[in-house]
Amino acid sequence: MAQKKHKVAVAHGSPAAGGHHEHHGGHHDHGHHDQEELKTFGFWLFLITDVILFGTLFATFAVLRLNVAGGPTGGDLIELPGIIASTFILLTSSFTSGLALLSMNKGNKNGLIGWLIVTALLGASFIYLEATEFIHLVNEGANIGTSAYWSAFFTLVGTHGLHVSVGLVWMIALIIQLSKRGITPVTKRKVNIISLYWHFLDVVWIFVFTIVYLMGVM
Amino acid sequence: MRRYYRMLMTVLFLTMAFALSGCSGAQYIVLDPKGPIGQSQKDLIIITTLLCAIIIVPVLILTAIIVWRYRDRPGRKASYQPHWEHSTKLEATWWAIPIVIIAIIGVVTVNYTYMLEPSKPLESDKQPITIQATSMDWKWLFTYPDEDIATVNYIKFPEGVPIRFQLTADTAMNSFWIPQLGGQLYSMSGMAMTLYLQADEQGSYYGSGANFNGKDFAQMTFTADAVSQEEYDKWVSEVKGDAPVLTMDGYESLTSPGPSDVQLFSSFPEGLFDKIVTQYVEEGGGGHGHHGASASDPKTDDSQTAFNTNSTQNEHAGH
Amino acid sequence: MWDKIKEFSSEFFVTGDPLILGAQVSIGLTLVAVVLVLTYFKKWRWLWSEWLTSVDHKRIGIMYIICSILMLFRGGVDALLMRTQLAAPELEFLTAEHYNQIFTTHGVIMILFMAMPLMFGLFNIVVPLQIGARDVAFPFLNSLSFWMFFFGAMLFNLSFVIGGSPDAGWLAYPPLSELSGSPGVGQDFYIWGIQISGMGSLATGINFIVTILKMRAPGMKLMKMPMFTWSVLSSSLTIILAFPILTVTLFLLFLDRYAGAHFFTLDGGGNPMMYINLIWMWGHPEVYIVVLPAFGIFSEIVSTFSKKRLFGYSSMVYALMSISIVSFFTWAHHFFTMGSGANVNAFFAVSTMIIAIPTGVKVFNWLFTMFRGKLSFPTPMMWTIAFIPCFVIGGMTGVMLSVAPADFQYHNSYFLIAHFHQTLIGGVVFGFFAGLYYWWPKMFGFKLHEGLGKWAFWFWNIGFYVCFMPQYALGFMGMTRRFNEYNFDMGWQPLNVVSTVGAFLMGIAFLFQVWQIAHSIRFYKKEPTGDTWNGRSLEWSIPSPAPMYNFARTPIVTSRDDWWEKKERRRKGEPELPHVAKAEQAPLEPIHMPRNSGVPFVMSFFWFIAGFGFVWDWTWMVIPGLIGVIVCMLVRSFTYNTDYYVPVDEIERTEAAARGAH
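Taken in order, these protein sequences are the chains called A, B and C.
Just so you know, we're using this note's numbering here: the first sequence kicks off at 1416 and counts up by one.
Just so you know, we're using this note's numbering here: the second sequence kicks off at 23 and counts up by one.
Just so you know, we're using this note's numbering here: the third sequence kicks off at 6 and counts up by one.
Treat the hints as calculated values from the structure; they're not laboratory data.
Please read all numbers here as calculations on a predicted model, not as lab measurements.
There may be inaccurate statements among the hints.
[As the list claims (entries may be wrong)] Straight-line distance between alpha carbons at most 20 Å, and here's what the computed SDA-like set of lysine to any residue pairs gives:
#1 C/K572 to B/W90
#2 C/K379 to B/K256
#3 B/K142 to C/K312
#4 C/K219 to A/T1455
#5 B/K256 to B/T85
#6 C/K229 to B/W106
#7 C/K312 to B/W90
#8 B/K237 to C/S185
#9 C/K577 to B/P104
#10 B/K237 to C/E490
#11 C/K219 to A/L1517
#12 C/K379 to B/R186
#13 B/K237 to C/M87
#14 B/K237 to C/K531
#15 A/K1454 to C/R641
#16 C/K47 to C/A28
#17 B/K237 to C/L184
#18 C/K452 to C/K531
#19 C/K379 to B/H105
#20 C/K379 to B/I87
#21 C/K312 to B/K256
#22 B/K237 to C/T35
#23 B/K99 to B/V89
#24 B/K99 to C/L372
#25 C/K219 to C/N348
#26 B/K142 to B/R186
#27 A/K1603 to A/E1494
[Claimed, not checked] Derived list of chain B stretches under chain C, where covered just means 3 residues or more per stretch with a C-beta under 8 Å from a C-beta of chain C:
#28 90 to 97
#29 122 to 130
#30 184 to 195
#31 200 to 212
#32 287 to 296
Think of the CB as a built atom: it goes at the ideal place given N, C-alpha and C, for glycine as much as any other residue.
Take these sequences, add in the hints, and give me the full structure.
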């Protein structure tokens, strides 16, 4: 049955390369492997669209960065130490998600889940710090309607925060799935994808940190 | 029901009238320019149309010939080569032809683009007259800063004198267009755009707001009268003598949405146009008025270049 | 209390206009009729399990096409209303507000809810069959895309009867589209209708790139792909690069209206011109997104009905790809009159003209595909032949418009209107019609009646020229787009009347098409083979309509026109190539297929709920909507049983039934 299964699966994910079909006799789970590969490739394409999404938001911010309409500027209100702390937290979480992958590749389910939990906790504290910062700004008199600058600021930083929050929900769902099903080709692909996503958000944050905070505030 | 019946009859009648009379009454005003800008644009339209026709007409003829000659029918003589799919020579030819034509059109276009840049002053031995045009909901307010008169939906100026139009919008953007004098330019809030036009002949020209800006947008047409210098001077002094004054309150009531008839005013509040341009700029902030000029700083981000329209305009604002 | 309800409902429902009232009544009656018919024939379960939950690309494609034809009807009625008003503005058939709403919805519906779904429908039906795949890469996501489109379109169309239609133009330039200019909910319907369906389009783009790059039959190298598949690839690449910009732009406009942000407002340092830049950075590639697949369709058809290989295949591929790249660098030609300075205008003028080069090459290649061919003229070919002169003229006026200083005179005039209708109708609509007629037998197993199709063709074409040629002249006469009336004695009326007559001829053409479809169903005649047109690519090698799994055995591809070459070998009595023969004689194996799922439908419905809540600013409705969306995603994530195997005996039965039919 196992033999049959992988053969037919090839038919579904028909590989592009000619002649590929002729020697599929040897590998197990080849079909699933193909399916998972498709999904990973699709996710890369999704990341391209997300790059453009953030690119557009960065461009918007660049255009509007001086338009404070007589209100407070970023430099007036933003407190950098908190931002630096959250930057380190997010960078660390990227590192721990890498450690999770290492555990997964060693087949260490508990290690994988453990590191994912650490990553999620770090992500949650990043979100907590961001929320605190936003509340602080609103109390200081800068909200999304204060001026074009603050509209662009809250939208750009907030969209990144929203992405991280979505990642958190997803990661929790994945931790539950891993504890129920262990490391399978499907869960393996899911972990790979979410760690890709997580690294991507980290890179985006580095740009946010540089452009919005360092260049904008200093 | 009656309305629909009447409409049907009108349609029938007009179709018949049109069929009988041909295109009489048609005025191709874009192709009948009365000023130097419009004239150059008409030349350009004709040049580019001819250049395009060089390639289009043969293609149309070729299409007809090929479709006719190679149609499937018994006993046809034309050859049939089902595997013929490539010819480097032929393909190189039809990559080359459009490239050459487009290159020529491109060079012509670039030259004319610099020549006809709307903010470029016209060469003339006469001093230009400035008219400030504000598109409002849904009327045009014109102010003559030198003569200190104002009009709504009507302008008059002397022939043969360059007119420097300064354009802005009170709210939504519009586009200022007098087809027989030259092409249009957007009027946008927070900016003062410059457009030079000139009428070489006396006449009464059609002007419109060409960009949709809300409910009564179709009412934003106006007449532009080009008259002799004497007649113009006479008109100015008449307006100064007879017409009412446009007060700040009067201006406020103009801003309320709605169409308007022609109105004339013997004076207007000082600096009204500047007030309209800068009305959305908060004190001390960098709105998109004059303060936006810093955005044109060459050091700034590349992504900025596409958006720096604001700042380039301010250089033309000429306050 | 009663007064409050009355006040609310007068704001909630669109009231007062007899035209709208009539439409509301007929929509209501149609809905009741649909429900009664489904209940009477006990078809609800069938509808749900066979269609609404289907992940089969062929069924999804059919659903896309049905929706797009309905939307064509609505957009077409909008057009006829506008033309009626313009033929005799003094009668005030439409008020200014109503006219503004109609040209706005006409534009949005025709581009986003007619052209896009018709295109996606053809993508879905054709691409997997052409590349020898069993389905698209992500069938579940494909279904989700469709339902997102469907509910987005529903939300947009709902504004017709509830709340009021948007009226700020199809691209909704601020500040007119801001709360200050459009305080009503119409603009919010616009934002959320497009936003929801736009997310679906984005996913479709990703789906088809993966499908085409990863799921081609063995042996089908990139340069052996059918040209339609190439065009879908280039269009999909353009989608994934352009649509995120639309998503962001609409989101920012939404924040302005909903949260009081200042992106595009007049006050607070907002920059309305930034919106115009952003929307055209999506909007210009968008027109290439819809026209590139039409180019692909013409390539398929012209080669099939010339019984000849497509001329200049690699030129065609390079042309497609260069068009999709250059299309990202031309957006500012939509506002040369913004006064961005000569440098900017010169750059965008030249970049726009450059697109004419690959397009011109394509035209020559189509012509030389016919050259030395053997041409026959069934309806798909007629549309293709009609397309060439129409598009060539449209392209020429496009080059004229791209000449920046001349554009100062064309901009916003009827010259522009005539130009883009000529490229969009002459290119996109003619192309999709050609494709629809061409692949119709593959979708349903019967041909559309040719005679009625020719009537429709001639009405469309004559109507088109009668309608739009006068508009070029009107442009030179200074007539501006979006005028609902013209008081000046400009001599515009005669040509407007002619134009209106043309529009109604196209309306009659549409009726012919409806009649044609009804007639062909009524006098159903099964296609004897799966190869109606003596086709060239893989989709014609399988029965019509295609079995659920498409190919019983994965085909092995050896050349560009693989099916044609195979037929040639058979005709000449040559033996089949050994590795192909071996694969064709191999025993059947169970086929791996995705399971149907109700999640896409439910999830899109929750998006609809959330969108409707956002429109009315009803947080109590937004929150459950968004929670529903998240729950649906989680449900999907926790579902591991997503596929199954079709057993061999079922394949054998299906194949025998399909082959037995002829």
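Hints, verified against the model:
1. C/K572 to B/W90: Measuring from Cα to Cα gives roughly 28 Å; hence the hint is violated.
2. C/K379 to B/K256: violated (76 Å)
3. B/K142 to C/K312: violated (58 Å)
4. C/K219 to A/T1455: OK: C/K219 and A/T1455 at ~12 Å, within 20 Å.
5. B/K256 to B/T85: Not OK: B/K256 and B/T85 at ~62 Å, beyond 20 Å, violated.
6. C/K229 to B/W106: holds (16 Å)
7. C/K312 to B/W90: Given that 20 Å is the threshold and the Cα spacing comes to 16 Å, the pair holds.
8. B/K237 to C/S185: holds (13 Å)
9. C/K577 to B/P104: holds (15 Å)
10. B/K237 to C/E490: holds (12 Å)
11. C/K219 to A/L1517: violated (28 Å)
12. C/K379 to B/R186: Violated - the C-alpha atoms of B/R186 and C/K379 are around 63 Å apart, more than 20 Å.
13. B/K237 to C/M87: holds (15 Å)
14. B/K237 to C/K531: Roughly 54 Å between the alpha carbons, so the hint for B/K237 and C/K531 is violated.
15. A/K1454 to C/R641: holds (14 Å)
16. C/K47 to C/A28: Outside the cut-off at roughly 28 Å; violated.
17. B/K237 to C/L184: With a Cα-Cα distance of about 15 Å, the restraint between B/K237 and C/L184 holds, given a limit of 20 Å.
18. C/K452 to C/K531: holds (8 Å)
19. C/K379 to B/H105: holds (12 Å)
20. C/K379 to B/I87: holds (14 Å)
21. C/K312 to B/K256: violated (77 Å)
22. B/K237 to C/T35: This hinted pair is violated, its Cα atoms lying about 32 Å apart.
23. B/K99 to B/V89: holds (14 Å)
24. B/K99 to C/L372: holds (19 Å)
25. C/K219 to C/N348: The hint is violated at about 43 Å.
26. B/K142 to B/R186: With a Cα-Cα distance of about 10 Å, the restraint between B/K142 and B/R186 holds, given a limit of 20 Å.
27. A/K1603 to A/E1494: violated (40 Å)
28. 90 to 97: That given contact holds, which follows from 3 residues of the region 90 to 97 of chain B lying within Cβ reach (below 8 Å) of chain C.
29. 122 to 130: holds (count 4)
30. 184 to 195: holds (count 3)
31. 200 to 212: With 9 residues in contact (Cβ-Cβ under 8 Å with chain C), the coverage given for the region 200 to 212 of chain B holds.
32. 287 to 296: Not satisfied, violated; 0 residues make the cut.
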